[in-house]
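Engineer: In case you want the letters, here they are:
2 protein chains.
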Amino acid sequence: MPEDIRPFEEIRLLLANMPPPCEESVAAVRARDAQLTKPPGALGRLEESSNGSPPGRAMRSPQSKCQWSRFSPANHGVVAKGVSAFPPSVTKQMLDNFTAGGAAINQICKSFGVGLKVFELALEHPTQDFTEGPAMEEPAAAATLAYGMEAINGGVDLLAPGEMGIGNTTSAAAIYAALYGGPAARWTGRGTGVDDVGLARKNGVIDAALALHGPHLSDPLEILRRLGGREIAGMMGAILAARLNHVPVLLDGYVACAAAALLHAMDANAIAHCMAAHVSAEGAHREVLERLGKKPLLDLGMRLGEGSGAALAIGVVKAALACHRDMATFESAGVSGKD
Amino acid sequence: MPEDIRPFEEIRLLLANMPPPCEESVAAVRARDAQLTKPPGALGRLEESSNGSPPGRAMRSPQSKCQWSRFSPANHGVVAKGVSAFPPSVTKQMLDNFTAGGAAINQICKSFGVGLKVFELALEHPTQDFTEGPAMEEPAAAATLAYGMEAINGGVDLLAPGEMGIGNTTSAAAIYAALYGGPAARWTGRGTGVDDVGLARKNGVIDAALALHGPHLSDPLEILRRLGGREIAGMMGAILAARLNHVPVLLDGYVACAAAALLHAMDANAIAHCMAAHVSAEGAHREVLERLGKKPLLDLGMRLGEGSGAALAIGVVKAALACHRDMATFESAGVSGKD
Numbered sequence: 038m039p040e041d042i043r044p045f046e047e048i049r050l051l052l053a054n055m056p057p058p059c060e061e062s063v064a065a066v067r068a069r070d071a072q073l074t075k076p077p078g079a080l081g082r083l084e085e086s087s088n089g090s091p092p093g094r095a096m097r098s099p100q101s102k103c104q105w106s107r108f109s110p111a112n113h114g115v116v117a118k119g120v121s122a123f124p125p126s127v128t129k130q131m132l133d134n135f136t137a138g139g140a141a142i143n144q145i146c147k148s149f150g151v152g153l154k155v156f157e158l159a160l161e162h163p164t165q166d167f168t169e170g171p172a173m174e175e176p177a178a179a180a181t182l183a184y185g186m187e188a189i190n191g192g193v194d195l196l197a198p199g200e201m202g203i204g205n206t207t208s209a210a211a212i213y214a215a216l217y218g219g220p221a222a223r224w225t226g227r228g229t230g231v232d233d234v235g236l237a238r239k240n241g242v243i244d245a246a247l248a249l250h251g252p253h254l255s256d257p258l259e260i261l262r263r264l265g266g267r268e269i270a271g272m273m274g275a276i277l278a279a280r281l282n283h284v285p286v287l288l289d290g291y292v293a294c295a296a297a298a299l300l301h302a303m304d305a306n307a308i309a310h311c312m313a314a315h316v317s318a319e320g321a322h323r324e325v326l327e328r329l330g331k332k333p334l335l336d337l338g339m340r341l342g343e344g345s346g347a348a349l350a351i352g353v354v355k356a357a358l359a360c361h362r363d364m365a366t367f368e369s370a371g372v373s374g375k376d
Numbered sequence: 038m039p040e041d042i043r044p045f046e047e048i049r050l051l052l053a054n055m056p057p058p059c060e061e062s063v064a065a066v067r068a069r070d071a072q073l074t075k076p077p078g079a080l081g082r083l084e085e086s087s088n089g090s091p092p093g094r095a096m097r098s099p100q101s102k103c104q105w106s107r108f109s110p111a112n113h114g115v116v117a118k119g120v121s122a123f124p125p126s127v128t129k130q131m132l133d134n135f136t137a138g139g140a141a142i143n144q145i146c147k148s149f150g151v152g153l154k155v156f157e158l159a160l161e162h163p164t165q166d167f168t169e170g171p172a173m174e175e176p177a178a179a180a181t182l183a184y185g186m187e188a189i190n191g192g193v194d195l196l197a198p199g200e201m202g203i204g205n206t207t208s209a210a211a212i213y214a215a216l217y218g219g220p221a222a223r224w225t226g227r228g229t230g231v232d233d234v235g236l237a238r239k240n241g242v243i244d245a246a247l248a249l250h251g252p253h254l255s256d257p258l259e260i261l262r263r264l265g266g267r268e269i270a271g272m273m274g275a276i277l278a279a280r281l282n283h284v285p286v287l288l289d290g291y292v293a294c295a296a297a298a299l300l301h302a303m304d305a306n307a308i309a310h311c312m313a314a315h316v317s318a319e320g321a322h323r324e325v326l327e328r329l330g331k332k333p334l335l336d337l338g339m340r341l342g343e344g345s346g347a348a349l350a351i352g353v354v355k356a357a358l359a360c361h362r363d364m365a366t367f368e369s370a371g372v373s374g375k376d
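Chain order of the listed sequences is C and V. Take the first sequence: its position 263, counting from 1, is numbered 300 in this note's numbering, and each next residue is one higher. Take the second sequence: its position 194, counting from 1, is numbered 231 in this note's numbering, and each next residue is one higher.
Honestly, the hints are just simulated from the structure, not real lab data.
For identical chains, the list gives no copy identity; a pair is met inside one copy or between any two copies.
Straight-line C-alpha distance at most 20 Å; calculated EDC-like pairs for lysine to aspartate or glutamate: (1) Lys331 x Asp304; (2) Lys129 x Glu368; (3) Lys154 x Glu187; (4) Lys129 x Glu161; (5) Lys375 x Asp133; (6) Lys147 x Asp363; (7) Lys332 x Asp304; (8) Lys375 x Asp232; (9) Lys375 x Asp233.
Could you build the full structure based on these sequences and the hints that come with them?
Structural biologist: See the structure below:
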């Protein structure tokens, strides 16, 4: 394909044209907050959830029917190198479990009345083993990113992207090492539960990939193509589409944040609409969140993926929004103010 | 009243006859947990929420209709000393706000489909100013404690006691100082928002009370009577009744934990059925939770009272229980186990 129509250029153009913050919405939210029957600031981070300054963060009239957790299962060629405690067939089996309503994410979404949509990403075509070459060709990576942008279609007013894919903590760790510096061991964890031998193998696999691709890892989109997975590309697209359309995003854990980190490396303002939902028990997620400038709402020791941490945080955000929308004001309730 | 029929003796008798843990329930929960379609431990503290060992903690078939947030507004004589940023009339005004559905706790409970019940505690009769004498007589304190025990009536399967009362962070701080050692400044915070002058006054009031009652503060029930409030007595009764009936409890913040701390000082096993819901932004709550041996589920910088932190945590617990109850097993979903 000729240089002048490379698919990644379209993504770069979108990032170059992000809308500014919606200051009027934020001001309106803050003005109402000051009148509600509570001491100023007493709802802590619940106020921030309805009241933050970034674009799209101010959500004044949310409808629970429009809140969504959406996620993308994908398969990874690198699992052939023995980096996971589970076989790759589990990705498809879990996809069936999601469809049948039997996974954790189904129950969490049901608990909070949240819609769930699964984007299957060519499970029969795993990415290439990135220790032997780039995981994806540029057209495939760009097409998956564009497909991910469809996640906000249909009136979504809060997006919680998640993932499932045996091998994908290996891909995420490789991305962090490429973005922030190695060695692999600084970024890896036990994923679904590899033992010490498996963890050493995982580190070796990532260090080998970094050595192979090292000269080509200065561009975040090239990092995605060489070390990423389809679910990470899909989530990048979902987060970017939300940014362009003023839809706030709850960031899930270790793998979902790899998508956010790639966007952040392209332009820090690209994830200004994101809140961190939960800090994972997996490896270096806490450091990743610090680098992204995000403080997690929840810290419950989870490391499941599926968007489960983000979906749990939807419960907190829904309660925050209900307070903001439906609490009485000092005037309407006839409550005295401060002495 | 003669020594041999003192009302507090009935409370002591209840604490001396607490039931043992329900080991079968806990074992059954753990056995099911091991079969669910997730890596072991991947739901972190959500597993602990459905799976802990203390009595009453194992909740196998919870019905959302039976989850309750209940709380007790009460008035404090010590507010005459200027310890709060709001006038005491606000307690009654907020009671009306709760009844009309306009407070934060109403919205949070509605978000999660949780029942709410308010126990009004003789607002027209504030406790005595504890800088001048005991806050309550023993019969009144014991009767309020007994009234609080009614909180679990009607099939409650999860209890989240809360409170509202202008002046009650002063009472709670005095209780912590009496239990764990002074001076007041170690335990106080800004409550609803006192300024520096107000905070200094609050510290002085508590230190004066500790000097007055000091010789009589070795017995937790005597601390309740001398420094407590009706809402703290009511919550003690609610927590104790839950302990006796295997009902798990979510502990709210700074003031609610004063009730738990008094029970804990009588017998550490009396709060074995309690989980800490949220660590308050108020003063020394973090240290209180450490002394109680409880790690909070949430840390959202809230300092509102009303049981709002505990009600938010009900959302997390409901999601945890939904996962435990409704997730597929590896066998039922045909998902492969570890390699």
